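**Student:** Since the structure of chain A is provided, determine the placement of chains B, C, D, E and F with the ligands on it from the hints.
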Amino acid sequence: MGHYEQNPAAIKALFRGNEVHRDVYTDQELYRLEMKHLFTNAWVFVGHESQTPNKGDYFSTQVGDQPVIQVRHSDGEVHVLHNRCPHKGTKIVIDRAGNTGKFFRCPYHAWSFKTDGCLLAIPLKKGYDNTGLENTDNAKGMRAVGEVKNYRGFIFCRLAESGISFEDFFGGSLSSIDNMVDRSPAGRLEVAGPPLRYMHHCNWKMLVENQTDTCHPMVAHESSAGTAVKLWKELDMPEGTPLPAAMEIIAPFMSPYEFFENMGIRTWPNGHGHTGVHNSIHSNYSAIPGYMDKLVEAYGEEKAKAILGESRHNTVYFPNIMIKGPIQQLRVFIPLAADKTLVESYIYRLVDGPEELTARSAMYNRMINAPSSIVGHDDLEMYERAQEGLQSDGLEWVNIQRLYEEDEDFSEEAIENGTTERQMRNQFDAWVKFMTWDMDVQEAAE
Amino acid sequence: MGHYEQNPAAIKALFRGNEVHRDVYTDQELYRLEMKHLFTNAWVFVGHESQTPNKGDYFSTQVGDQPVIQVRHSDGEVHVLHNRCPHKGTKIVIDRAGNTGKFFRCPYHAWSFKTDGCLLAIPLKKGYDNTGLENTDNAKGMRAVGEVKNYRGFIFCRLAESGISFEDFFGGSLSSIDNMVDRSPAGRLEVAGPPLRYMHHCNWKMLVENQTDTCHPMVAHESSAGTAVKLWKELDMPEGTPLPAAMEIIAPFMSPYEFFENMGIRTWPNGHGHTGVHNSIHSNYSAIPGYMDKLVEAYGEEKAKAILGESRHNTVYFPNIMIKGPIQQLRVFIPLAADKTLVESYIYRLVDGPEELTARSAMYNRMINAPSSIVGHDDLEMYERAQEGLQSDGLEWVNIQRLYEEDEDFSEEAIENGTTERQMRNQFDAWVKFMTWDMDVQEAAE
Amino acid sequence: MGHYEQNPAAIKALFRGNEVHRDVYTDQELYRLEMKHLFTNAWVFVGHESQTPNKGDYFSTQVGDQPVIQVRHSDGEVHVLHNRCPHKGTKIVIDRAGNTGKFFRCPYHAWSFKTDGCLLAIPLKKGYDNTGLENTDNAKGMRAVGEVKNYRGFIFCRLAESGISFEDFFGGSLSSIDNMVDRSPAGRLEVAGPPLRYMHHCNWKMLVENQTDTCHPMVAHESSAGTAVKLWKELDMPEGTPLPAAMEIIAPFMSPYEFFENMGIRTWPNGHGHTGVHNSIHSNYSAIPGYMDKLVEAYGEEKAKAILGESRHNTVYFPNIMIKGPIQQLRVFIPLAADKTLVESYIYRLVDGPEELTARSAMYNRMINAPSSIVGHDDLEMYERAQEGLQSDGLEWVNIQRLYEEDEDFSEEAIENGTTERQMRNQFDAWVKFMTWDMDVQEAAE
Amino acid sequence: MSVSRDQLIDFIYEEVRMLDEGRYDEWLALWLKGGHYWMPLDYKQTDPINVTSLMYEDLFMLKLRVERLTGARTFSQKPKSRCHHVIQRPFVDEMNEADGTFVTTTFMHYVETRLDEQFLLALTARHEIALVDGKLRIANKRVDILNCDAAFRNIQLLP
Amino acid sequence: MSVSRDQLIDFIYEEVRMLDEGRYDEWLALWLKGGHYWMPLDYKQTDPINVTSLMYEDLFMLKLRVERLTGARTFSQKPKSRCHHVIQRPFVDEMNEADGTFVTTTFMHYVETRLDEQFLLALTARHEIALVDGKLRIANKRVDILNCDAAFRNIQLLP
Amino acid sequence: MSVSRDQLIDFIYEEVRMLDEGRYDEWLALWLKGGHYWMPLDYKQTDPINVTSLMYEDLFMLKLRVERLTGARTFSQKPKSRCHHVIQRPFVDEMNEADGTFVTTTFMHYVETRLDEQFLLALTARHEIALVDGKLRIANKRVDILNCDAAFRNIQLLP
Ligand code: FES
Ligand code: FES
Ligand code: FES
Ligand SMILES: [Fe+3]
Ligand SMILES: [Fe+3]
Ligand SMILES: [Fe+3]
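Here the protein sequences come in this chain order: A, B, C, D, E and F. Residue numbering for the first sequence follows the working numbering, starting at 1 and increasing by one per position. Residue numbering for the second sequence follows the working numbering, starting at 1 and increasing by one per position. Residue numbering for the third sequence follows the working numbering, starting at 1 and increasing by one per position. Residue numbering for the fourth sequence follows the working numbering, starting at 1 and increasing by one per position. Residue numbering for the fifth sequence follows the working numbering, starting at 1 and increasing by one per position. Residue numbering for the sixth sequence follows the working numbering, starting at 1 and increasing by one per position.
Pulled out of the complex, with its shape left as it was, chain A reads as follows (with noise of 0.2 Å):
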């Protein structure tokens, strides 16, 4: 494989519908390109409104490689500036959150801004009379990106000026986020403490790919979950013992092959998809007494049964989040490198909604999904392996075949087998799309 900048063909060639180029995963060029086009012109998730509740409170992350802050603007409204001082480049803010009153002020020489980014006061300010500095962008104060979209209190932002719509990047993909936010009774969500981190050494589509990837479980967590099933059948409780919390988390992950099938996974355009389109490893968790009252009162009958009535396993938002309605819980894949991803796990609580159902949350993100994790581990483990087998000259291709059909057309909704391998297939088709969505045009303007 040649180089990647500016060659929109090489770019196309790398995903055969059938198998993608290893290239994709180990590729530094390839790395940079799609934090320059795929992050640029994808709707990218920033966080949750709940973690900036107030005037001023400010959540600093990433969009790609880019700093941004989240700010609860005096407007009332979420904003997403670039973390970076228009006059020299510090970085205004690098604690993950705080709040910064009515403004901001960088540390280095006291530029001030408005949280909604625009330029307040700069000290000493006769000192740039007759400079020109009104006309420089610098003088805009921090710029924000490029379109901001809260949606049911999860903001996401398109950091290009222009481009494809929240509504036609999303489409119908939005039901898991409604059917997540609609458990709580009151209709929203809140962010319940600060996320698991845990780093991996790999790339970051190999931990997207892997939430839609059902035929693992029963293999990779044989010695997490095969052994809890065993251990609780040697204590022998008398029948009828209803499964420990645990159990019921755990158990699932050992699910045959038939059940997964049988699971069903949709797949919408742009790379958004999910795996329990009938049923899944979060159908059985225990009721909650009192619970299914609250939703009837909130939602009447009929829509409460539904809304429980979901039990969507993983809903991968592309590029980089994944929600589990069933349990509130979102993690986001932080492309740090060809070869290094962050994992940031968060749980929410529903409001007016059980305290139980928070205490599932944190025990299911801290059994599951934490660097201390029994079954985090295996998954790390596996995708480290890959990363570094991928060096490998033997084979350059990497199969995404389970399932394939012919001329597979991802730009419509689909349902199909649990265990296919569409899901992965559609990223890919989504990730072309993005990569090359800009490039053509630059190409043309040349």
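Since the hints were made in silico from the structure, they are not lab data. Predicted model, so just to flag it, every value in this text is computed and none were measured. Note that the Cβ used here is the ideal one computed from N, Cα and C, for glycine as well. The hints are all genuine.
One side only, chain E facing chain F, incomplete, derived with CB under 7 Å:
(1) Gln-88
(2) Phe-107
(3) His-109
(4) Ala-122
(5) Leu-146
(6) Asn-147
**Tutor:** Leaving out everything else, chains B, C, D, E and F with the ligands in the frame of chain A:
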């Protein structure tokens, strides 16, 4: 921005007079070109002769990214040699300083060299009879740098065989070194102990620019200097209690903008310049009893007064050192990568001067420039935040426009308001000049 | 020096017969090309068959930068497979050694493979019906390397599908392996314990060249060997006291130049060669009672004498191993980067030989080649000083001219004075040959 | 029967040694039913239940964790990890002779290694100890990692 | 009143704990006026005055250092650093019962962390302790960093 | 004359201090003839003779090692390395009053530095100690590095 090798036009385009493109701080290719062109064609500081007082004394350091040895040759002169054995490249010495006696001896195969680099002997020399070794550069010994200048004890060198002369390069800026050395009644300085070694994950130019950045102390250092002033007030000492030395040093950092405006800034051609033309934060240090008398004795009253009349703050010698005459300090900003800079901070003793001044220099050095300094902490914080912030594509230009004027002419010495960023612009004018110094030539040659 | 990819002329220009350009040691692009061309087209050492004695035994290592598995197949033969799952690239095993039973099973989705790499089974195989999986290389299983040769227990492989034959590549140099193995009355060796693993921040070729660098021991190792001799003298033992084993090993490092000149050096085509043609630092080890008798018994007197008559010092098998016949040691110089090399030092037991010889090998290994060895310390010091020194632009060529002659012909075996650097030149002759082996071809193809 | 400060200190030294030497059965036997091994995710975290922790495990989960380490298909433990503690002398913060409960605080370093990788964690462990049938037992154990909110790769054994 | 070896040892353990738990007022209260916290720059440095040190601070400077840590505009401490010591049992090198002065030497590791970065320093601390009004106090403290002449980034808290 | 647990523990603290302070003559004087300093290459290695170790040195080799450090042409020690231990309180595993032999186990961290580089090793040291002429002496010392099978660069002083 494209690629810069052999592309003088692209390099010139990085500096627009009032702003500079962030690539100069973040691009690793530009770093390599700085080493190959700027640090090769400019005169760069090596060390002080008192670090190698006796014949055979050596001091190993680097000029740009080139490992060199400063050594006192048998003729009493200080030589600067490439630290590279002509046989197989082994570094001849790697300890920071020592005495090698009459000759260097490579530890690998014992080739030996006079302290001016000339080949002295090769064991079992007959093994090279009729091999043509004598026709190779290797047989010449350890190569010396292009040119060396010992200016009043300070050793500078130009790596390139030919180029601008020492006098043309520094011109009037040498007056700052003169003033620092003249403060010794004997007209000589001696290094006082080893330097502080402070690692910064930022570009070297950020540190150099900071040396004449007079709008940051009262902001960035409020937590140290401001708190010091507050605590001292709280002690509520009787009227006229003399400030302790520590307060004399730190309190002036909180001076108002007017103070820094009135200090004045002077720029010289080729990127040199200094703050504190009329007075500075060093102006009000208490006098040391008997010191003035000694100076008068040595220089006569008029010159003595003139010497102490100067209280220049920071003098930048482009590309990468700064000196403080009034406290005999020199700081080297050693570029290790586009985003990595090692700062070494030396202090000097005034030969025949009062030891109290050495103590003051030592106190200043540890209070302000140590990795454990509460002042240094905030400077490093700014630099490293900027290095990260410049990754932002939201704004690609760094502003250096304070008191900027159209068509500034840096070929003439100038004195301006102490808060101007002209000296930063002066540095980039010189940066372009020496970055492209031999590119055009080479281009032509092709 | 420009860029080297697909540029055989530039690569040939790096070696001038009497000197070599420093880029061969410092340039990361050249490192990658070494992996892609040199280590792909040459025969490279993998391991010893005794590391995988039983069916299903495996040993994971790397050939160049390619992860491979040495495994004993059910047919009793040793196979070498790419350590890469054909599904998604997961490394099949990462522990250094083990037994996999009758088949390998990938831990991610349980694809399984016979121990010769052939695909055995895929869970839920029907998911691939009519997908065309059977037409992909992935469906073939774990790919084997191009060719494997088990020479008297030592496993070598060529990654490339076709190319030079084992016999043509090694030719007469195999006599050194023969002599090492013949020292076992049974004509067999067995690995004795795990290897030393010693990390060097230098280029791998520096270590290979050092193996026949006979002008460095008395210089670089004076502090260890010289001090040992001195301390032993000071003990002032009675006349004729036998040297302790440690002294037998270390004292000869201080032998005079004449000794090494008379040792002699032999070179073979394709970069192989050895020191100690006539005698060596291993010649005067004390005899082990009864050992000679066993050899006579096994081989007859004449051959037995001939076997022990040889005391070859270091035999280099190009590109990256060295063996010492008299003490059954093998060292692999594993290239990890242009400036990073891992050295693994193995020792072997003589089947049916005296355990005293194994003890001697173990003592030699830890005394001379351990990270904690006082001899190794000075070697690593030289390599790493050279890696840094070669950054100097003062002189770009490394000299390998000792006893050089015009128009040397490396296609013929030759024996010369033991201090010649001819073997280093021989290595670079082969380096150019295999670096450009398929470049020209590819070039033509374009 | 009364318990001395030194006995409590020795108890901690012994407990940690069991972990480093992989004597997990002995170690599990030190625990009282109902005890939890808590490793907070947040600095000075107070709630183990309704926000995420790195670990908050009862005896069943601890047994599972230990049992898994020796499994034939425990892929992340092929090859196995090793761990090592260096602990400062424990502080005995509370001694309630009456009800035989005690609290100690121990500053320690934990090193875990696998293949060519090794990492170090700076830990502060708080042990709740109880005297039961004349034996000292672990009622609860809280292990705070100094940089608990930093990003970690796998932490596979017991810090 | 006499002071035992164990009391001196306990004193050091307690002093270090104050630093790790940020109990700076208590810690400052341990110091005698005129005392200096000295962190040499050079290996086996003998002169704290006329050559550079990393730190050589009297009580005023130590107060300033501590006060600054909590300031609203202490940018290098937004977010805050944390530190942690693991110390080997102190050696009591001198016990001058007569004038109530004592010297201890303590080998220790210091870990400081902020955001995702953490570093470790190998330290040897020499305490000059005096018994004043029945209380042990710090007369002087010298902290030698093993690689004191190496290049460091910020060292923000008290090793 | 009998030996107490505390005397054995103090003996180990003192021995390690000698290494860090470079008091090699004193240190060598602690050794009994015939003793070996063994640093295994393999995890739980049992044979020091017929497989490779990192070190297995008698007094002659140890003297050589120490003597070399001060040589004028010891290039890998120009400049010199420095080392530093932080050890956990030793465990006294065996006390054979009768024949005056003792065994201790000590968990420790070893830091070695040179120029701007520094590394840390997690060690477990096993001392065989004998009481000879009323003095405690080292009969044998085994030092296991936690990641003994990892790739190391130079380890130049005595862990
Ligand atoms: S860099 Fe932000 S105000 Fe100057
Ligand atoms: S490398 Fe210096 S003498 Fe050979
Ligand atoms: S990656 Fe190996 S079976 Fe899927
Ligand atoms: Fe998984
Ligand atoms: Fe500053
Ligand atoms: Fe050698």
